[in-house]
Structures are given as structure tokens and as C-alpha cells.
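Engineer: Sequence:
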Amino acid sequence: MKRIFKTILCSIILFNTNTVNAQEIIPLYTGEIPNSKSVVNKEKSELGADGVLRISEVSVPGLSIYKAEKSSGKSSAVIICPGGGYKILAASHEGADVARELNKMGITAFVLKYRIPDDSTMPDKSIGPLQDAQRAIQIVRENAEKWNIDASKIGIMGFSAGGHLAASASTRYEEKLIENPKQTSLRPDFSILIYPVISFMDGLRHKGSQTNLLGSDPAPQKLERYSNELNTTAQSPPAFLVHAGDDASVPVANSISYYESLLKHKIYSSLIIYPHGGHGFGMNNKTIADKWMDNLKNWLNSINML
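Numbering of the sequence shown is given in the working numbering, commencing with residue 1 and proceeding in unit increments.
Just so you know, the hints here were simulated from the structure itself, not pulled from any lab data. Each hint should be verified, as a subset may be incorrect.
Unchecked claim - Straight-line distance between alpha carbons at most 30 Å, and here's what the computed DSSO-like set of lysine-lysine pairs gives: (1) K74 x K146; (2) K291 x K266; (3) K37 x K176; (4) K74 x K266; (5) K37 x K125; (6) K297 x K74; (7) K74 x K291; (8) K153 x K264; (9) K182 x K37; (10) K207 x K42; (11) K297 x K266; (12) K74 x K176; (13) K153 x K176; (14) K104 x K153; (15) K67 x K87; (16) K297 x K153; (17) K207 x K44.
Claimed, not checked - Ranges between beta-carbon positions, derived for each pair: (18) N304 x A234: 17 to 27 Å; (19) A248 x N148: 36 to 46 Å; (20) E174 x N298: 22 to 32 Å; (21) A49 x Q221: 40 to 50 Å; (22) R100 x T287: 20 to 30 Å; (23) E174 x N304: 16 to 26 Å.
Cβ atoms here follow ideal geometry from the backbone N, Cα and C, with glycine treated the same way.
Take these sequences, add in the hints, and give me the full structure.
Structural biologist: As C-alpha cells, this is what we get:
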């Protein structure tokens, strides 16, 4: 369906107030949003007592652009997918805050406001977020020259359920879920997965993310299709993973299974497991002095993506 200009404009303004210091905010689609029903935009934003900005009921996706602070040449780019169990978007500590830190590394960052899966807004809610992730990669790659970005150094990053989305974009990029007349590569050049939901298989699944994305009783074949450790290939991009061993929400075995799956294809990646920290710590695991963002910078340098 075609969103009227007023609806898109309201969404952009709301997203702008939630992403302070973003240098540009753009709608993800111009005109018709694929796989979308004609409904009223009910998007809401709330700042919790914990300081976390939560955006819910997203039906009009957008992209906030944070340009690199310093660049002697073309910069790398990272598209950030905030977490939230496919129910909300934790848009601050897993979005805008991270973007600004990436800027300090000389990376241009993009915070993706992807659609929240909902049967009332999409004919097929299971593919909506992945369509948006593919579209974000397409936009960044096709506008690389405009934004002074190296088109061969475009990565995707995700936290928790956003990590599932980022991993899905990294394993399912050959699925044509959006129009792509220029045949632009939708493959990320690297992945950054922070306490990610990887799998919907027994012993690994995060039930809330699975239900919100796939419904209450998905077929076994669909569970396998959406379990990313089962879908890596020799062409999957390398990944940097961070998880806490005591994560009670998303078992650390999610990250381990994805890392091992990449290794089977000789895709040498990096996995950091902290003994403590739980779930949702963002950039700062308060149980340890180590800063994984420092390790990320070193890793990006090691694979020539910085």
C-alpha cells in the first residue's frame, strides 16, 4: 500500500526526536512499502526509568545516518539493528549510542528502524524485518559514493533479536525479498552480533522472539529456515560475536553455534564470551573492565574492514 506523505513525514519527525545527533533521517522506502497493509501509523516512543528509549508498533521503517567524524578517504559503514524481541526497538543503548561510538572509529553508521512483526500491518510478518534489512543494505551500497563510503566495507550489526535480523541478512541475502532492479549485492561484508538470537531450535530459542516473528505454532521447516546456524555457507560474511555466559534470556549457545557453523566453512571469526553480564548490557558490560568495542575495532582492522 502507498503511505501518504503526511504519515511518512510524521514518522520521520518522531524518529528524528529519538535519534539526537543523527545528521540525516530518511524513509526506507519511497512510495509503496512492500508487504504492508493499509493501516494507521500507531508508532510510539517511550523513555523508560532505566534510560532506554523504546520504540513500538513500527510500521513505517526508516534509516538514521550518523556520518563518520574523521575520514581521510572512504569510510566503512555499519547498519545497526536494535534489539527488543521483535516487539520493540531499544533505540538508544543498542542504536544511537552505538552509532556515535562507531563514528569515533571513523565508521559511518546507520540505525535501522525496522518494522515490528505484526499480522495487522503485514500480510507476512515473518519477512518484514528482513525486507527492511535488505533494503537498508541496498540503500547504503547504492549511495556509497554520495556518503563517501567504501562499497566493499558495509557491515551489519545487531543486538539480541536485532542480532537475529543481522544474522538472517548475513545468511539469506540471496533471497529476493525486495525489488532490486540494479542487482545490487545485498550481502553484508561483515557481521557484528551482540548477545544475538541466532536459532529457534530446541535448547537455543528465545521464545518471545520466535513467537513475535513466526507466530505461536510455526512449522518445523520454518524454524529451520529461521535458525541461522543451519544456513551458513562458504560465502557467509565473517562475524564478531559477544555474549555473556550467564545470559538467562538468550543462551550463550546461540553465539557458540553460529561461530562453530562459520568455522565449518573456514570463515574465521571472533567470539568473546564474558562469564557474567546477563542480557542487554549494550556496549558496557559492568561486570568487567574490558570494553568489547575496543576488541571490535582491532578485529575490523584485522580483516581490513576499518
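Engineer: Each hint needs a verdict: does it hold in this structure or not?
Structural biologist: Evaluated hints:
no., hint, result
1, K74 x K146, "holds (10 Å)"
2, K291 x K266, "holds (27 Å)"
3, K37 x K176, "holds (20 Å)"
4, K74 x K266, "holds (29 Å)"
5, K37 x K125, "holds (11 Å)"
6, K297 x K74, "holds (17 Å)"
7, K74 x K291, "holds (26 Å)"
8, K153 x K264, "holds (24 Å)"
9, K182 x K37, "holds (26 Å)"
10, K207 x K42, "holds (25 Å)"
11, K297 x K266, "holds (22 Å)"
12, K74 x K176, "holds (29 Å)"
13, K153 x K176, "holds (22 Å)"
14, K104 x K153, "holds (17 Å)"
15, K67 x K87, "holds (28 Å)"
16, K297 x K153, "holds (14 Å)"
17, K207 x K44, "holds (24 Å)"
18, N304 x A234: 17 to 27 Å, "holds (19 Å)"
19, A248 x N148: 36 to 46 Å, "holds (42 Å)"
20, E174 x N298: 22 to 32 Å, "holds (31 Å)"
21, A49 x Q221: 40 to 50 Å, "holds (42 Å)"
22, R100 x T287: 20 to 30 Å, "holds (23 Å)"
23, E174 x N304: 16 to 26 Å, "holds (24 Å)"
Checked against the numbered hints listed earlier, the structure breaks none of them; every hint is satisfied.
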